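A.B. asks: Chains as they are written, first to last, in my numbering: chain Y, 1 to 431; chain E, 1 to 173.
One or more of the hints may lead you astray.
[Said to hold, decoys possible] Within a straight-line C-alpha distance of at most 35 Å, the following computed DSBU-like cross-link-like pairs (lysine-lysine) qualify:
1. E:17 / E:34
2. Y:315 / E:34
3. E:147 / Y:70
4. E:14 / E:34
5. Y:66 / E:147
6. E:5 / E:17
7. E:34 / Y:335
8. Y:151 / Y:70
9. Y:151 / Y:66
10. Y:66 / Y:315
11. Y:335 / Y:66
12. E:7 / E:17
13. E:5 / Y:315
These aren't lab readings, by the way, just hints derived from the structure by calculation.
On a predicted model such as this, the values are computed, not experimentally measured, just so you know.
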Amino acid sequence: MSTPAILVTLAVIVLAALLALLMIPVLVWLERRVCGLIQDRLGPNRTNVFGFRLGGVVQSFADVLKLVFKEEYYPGHISRGRWLFIIAPMITFASALLAFMVIPFADDVVVYGEKLRIQALPIDYGILWYLAIGSVGIMGMILGGWLSHNKYSLLGALRGASQLVSYELALGLGVVSMILTYGTIDFNAMVHWQSDMVLGFLPAWGALVQPLAAVIVIVALFVETNRAPFSVAEGESEIVAGYFTEYSAMKFAMYFMGEYIAMNTASAVIITMFFGGYQLPWISTETLREHFGAIAWVLIVVLPVAVALFIRWMKRNNTVRPTVATDGGRNFETKILSRVLIAMTVVIELILLILSFLPADSVGTSFAVTLLQIAVFVAKLMVFNIFFIVVRWTLPRFRYDQVQTLGWRYLLPLSLLNIFVTAIIVVGVAS
Amino acid sequence: MNRPKIKTVPRYNKETKERLYLPAIFAGLKITAKHLFTNLSDINAVETLEYPEEQPTDITPRYRGLHRLTKREDGSVRCVACFMCATNCPAQCIHIVATERNDGIDEKMPAVFTIDTLECVFCGYCVEACPCDAIRMDTGIFSVTGKRREDFLLDRDRLLSHHNAFGEDTSDA
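Working from the sequences, and respecting the hints, build out all of it.
C.D. replies: Structure representation (structure tokens):
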């Protein structure tokens, strides 16, 4: 490998780790703020560093600090297997994190004749890796629930395990029908397939080509991440807190963060398999590279408008009511943030201006295309994370028997049917 | 034939649209998304009180706030130290020491009248029990804060210094 290739690989690994780990505080904050706004409240919005509240995201970091400094408490009855008790949340956390590493953030780039994957783990069997590693997370839940020597924990772990078994089937079969459609198990090739068009005008996104499989897989991924409406493993209204009843401090935080990384990973998988991955609709990577000048000009026009709209929104909403005497430095924050945003916009505009005059086959263009695709990917990721959050605060939790009924009696037959129909169509088209 | 009386409860939502469950999910998502975006577009329209900068405005005269000892027309304490409130108190948070009253207005008065607000459950039974209308909970004070335990012990002078928060003070009439 040449030095630039090594640098690109390292950058991709760092990017993947940041995208997974830095997303945790943002997601926790989003969860609380979105929940608040849905319920006509505000959510955490006071914590600040030197008057910078950033909409309250500082609260997440304060929470992490609190959890780090909390007492490490072990229930007295855990005499044997304490090391396993400590490792259990780490298994959940690590498996969710590792599963994220196969998601492509952008199309392959060619650096000095070497084709590099923009994936932290450059493997071409991504979906198998996700299915294999993603479900190891349940081992952490089972171990944690079992070692707690607590009936609530054990019930929670049992629920989680049986729920996972019943939905992993539907998930796997849904994925099989997608593999049949795409003819590949490589995430990046799936995204390539989705760059085309169907019926002449629709982007060939998996959700439009295979709507039934999309619904099945999305539902199954909700179960896989243990989120509402399928969070029966926690079930705090029935079994205290389920499998992590006996966990405290950072050990609890590991489970907590693992859940959010799992949600992030599930969003990434849904995007990659069903919503065109890092690709803009209708625009394939080749088109993007050939016509980057035109796209750069579109961005030069769109970006200031978007930033201006955001600053207008911030000026209106980063305030207190007129009846309140002190604004707690919010006007100051708005002023500074607006200036920073404007400065960033100006810099990006200049870079785009330079890039728009570069030839289509230059290194700069392919680099810019990669960055643009990463930005599109992150934007889609955020949209789906917010979808996960909104669903959680919309739907009540399923009863345990309803979860099993839905999995075995509806999703499993449907996914089997979907495989048959897909196989017939694929064979029919091929022959 | 003696069949047991079985009452069949009718099951609703048997239509296909209901059993598909997805239309209902999207209807719910529509409602929550509407709330989300309405509140996001105008965050100050959210009816949350920005406490402590904004104080509640809905405290009514019947609200049981912090206690106060009422006064007579001449400004002296109305309490006659009959111990009715202390006897009636379910939390046993009222501590009274009676003393003789020599100014001819009455025979007894409290030398010490302390309410431990850490013990108090704000039930208002002391107000109900008082035969002289000497203790009231109409100060409208809902927030009791302090840095030491002693800050929560309300002594006689502190209780006398509280005022009726709702209009005219009718206690000394």
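A.B. asks: For each hint, tell me whether it holds in the structure or not.
C.D. replies: Hint check:
no. : hint         : verdict
1   : E:17 / E:34  : holds (23 Å)
2   : Y:315 / E:34 : holds (22 Å)
3   : E:147 / Y:70 : holds (23 Å)
4   : E:14 / E:34  : holds (28 Å)
5   : Y:66 / E:147 : holds (22 Å)
6   : E:5 / E:17   : holds (33 Å)
7   : E:34 / Y:335 : holds (29 Å)
8   : Y:151 / Y:70 : holds (25 Å)
9   : Y:151 / Y:66 : holds (28 Å)
10  : Y:66 / Y:315 : holds (32 Å)
11  : Y:335 / Y:66 : holds (31 Å)
12  : E:7 / E:17   : holds (27 Å)
13  : E:5 / Y:315  : violated (68 Å)
The structure does not agree with numbered hint 13 stated previously, though it agrees with all others.
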